[in-house]
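Participant: These protein sequence lines are chains V and U, in that order. Quick note on the numbering used here: the first sequence kicks off at 1 and runs consecutively. Quick note on the numbering used here: the second sequence kicks off at 1 and runs consecutively.
These are computed hints drawn from the structure, not numbers from a lab. The beta carbon of each residue, even a glycine, is placed where N, CA and C say it ideally should be. A hint or two may mislead.
[Claimed, not checked] Stretch by stretch, here's where chain U covers chain V in the computed footprint (C-beta under 8 Å, at least three residues):
#1 20–31
#2 40–53
#3 93–101
#4 113–124
#5 143–149
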Amino acid sequence: MSKKIRIATTSLAGCFGCHMSFLDIDERLTQLAEAVEFNRSPITDIKQCSACDIGLIEGGVCNADNVHVLREFRDQCKMLVAVGACAINGGLPAMRNEVPLEECLTEAYIDGIGIENPVIPNDPELPLLLNKVHPIHEIVTIDYFLPGCPPSADEFWAFLSDIIAGQEPVLATELIHFD
Amino acid sequence: MTGYFKLDGRSIPFQPGQTIIQAAADADVYIPHLCYHPDFTPHGSCKLCSVQVNGRICSACTFPASDGLEVLSETSDLNARRQKITQMLFVEGNHFCPYCEKSGNCQLQAVAYHVKMLDSHFPHFFPQRPLDATHPDVLLDYDRCIFCALCVRASQEADGKNVFALSGRNINKHLIINSESGTLKDSDIAAEDKAVEVCPTGALLRRGQAYKTPIGQRQYDHQDIEQVSLQQEKAHDV
Ligand code: SF4
Ligand code: SF4
Ligand code: FES
Chain V
1 MSKKIRIATT
11 SLAGCFGCHM
21 SFLDIDERLT
31 QLAEAVEFNR
41 SPITDIKQCS
51 ACDIGLIEGG
61 VCNADNVHVL
71 REFRDQCKML
81 VAVGACAING
91 GLPAMRNEVP
101 LEECLTEAYI
111 DGIGIENPVI
121 PNDPELPLLL
131 NKVHPIHEIV
141 TIDYFLPGCP
151 PSADEFWAFL
161 SDIIAGQEPV
171 LATELIHFD
Chain U
1 MTGYFKLDGR
11 SIPFQPGQTI
21 IQAAADADVY
31 IPHLCYHPDF
41 TPHGSCKLCS
51 VQVNGRICSA
61 CTFPASDGLE
71 VLSETSDLNA
81 RRQKITQMLF
91 VEGNHFCPYC
101 EKSGNCQLQA
111 VAYHVKMLDS
121 HFPHFFPQRP
131 LDATHPDVLL
141 DYDRCIFCAL
151 CVRASQEADG
161 KNVFALSGRN
171 INKHLIINSE
181 SGTLKDSDIA
191 AEDKAVEVCP
201 TGALLRRGQA
211 YKTPIGQRQY
221 DHQDIEQVSL
231 QQEKAHDV
């Protein structure tokens, strides 16, 4: 048996919708399981990335931990893929970029309707928020992109089939959607 | 002057006064564009219609057709430039397609699909731009404006009004509204205005339409803008 393709996945400032859509490849998952193995991913619960062929990143970068994880993936993965609108352009989380961070926190934790014990959380365990949410290509080099919110299961499959076949991935125009 | 010019090796006839893009459309050849509309005076600002004319890059929407021109359009170099231009339009504003009412009907997005834009390539500006929700029937989200001036031209040339203008230069360029308060509610705009209809993006929207047609069943969801545009040109000529 030839060596399996090793894939790692993570969700940064995303909603896990891309991961859910990935799982929507349904019965094709069995075909996938024959050709690939998963490393760090919510699917395996492995917490540290080791050397991988493909890294799939969902979500943009909104805090210090996101930067750290993204760099770890870049170090370990031969091909790093931005998956979904948030990884590609910040997506809905980046809508906070038009509002200063302090105002966002004040609205969410101090002035918002129905808030009891108003205080901005500052537990040292919580990763520090960045002033703005960034697309991942602004932090590390990205090798490929799967647009969509989320990318459809067929789009994931088209990409993965190309990879499994040892071909350079090419998305057909009808699979390119930004919504 | 009538005659023929060569477009990617094909002989294209033209009528007196036609531009390259008009003659090409009559011959069923699509040249990507955003600020061009067959009903209005060309503006030549978005540069998406860039073609090579006798070796020089020119805008097909403003360049007059003339006999014997050698025009190139579908080259990998020009398509790569079109992709970069589209990416710049995206990063310059705030385009969150998943929450935009126009998604699927938006020409900017459709052009992005056509030029196979997968990412935005450049750092995003994330500019701070306002939202004009003052008018009961028309919404203006400045985040999505690409300064194509189609609303400016349509308001003047079709609606017989003068609601919009572009102001400022370079990165400070922005759309302004001709009214005392600078907002839509005090302007002459009406929901039926051509100015609202022609906006190629989700900047100017007729309110109350939002999700009447669900995402996935919209104009460009399953059809490339190339086909849609050529069909519209045909209907327009009739
Ligand atoms: S105007 Fe077009 S490109 Fe911009 S967010 Fe809306 S659908 Fe996307
Ligand atoms: S509002 Fe629409 S039509 Fe007017 S300049 Fe902006 S993008 Fe063009
Ligand atoms: S369509 Fe020609 S410059 Fe915009």
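Participant: Compare the structure with the hints numbered earlier in the document and write down the numbers of the violated ones, lowest to highest.
Facilitator: Per hint list: 1, 2 and 4 violated.
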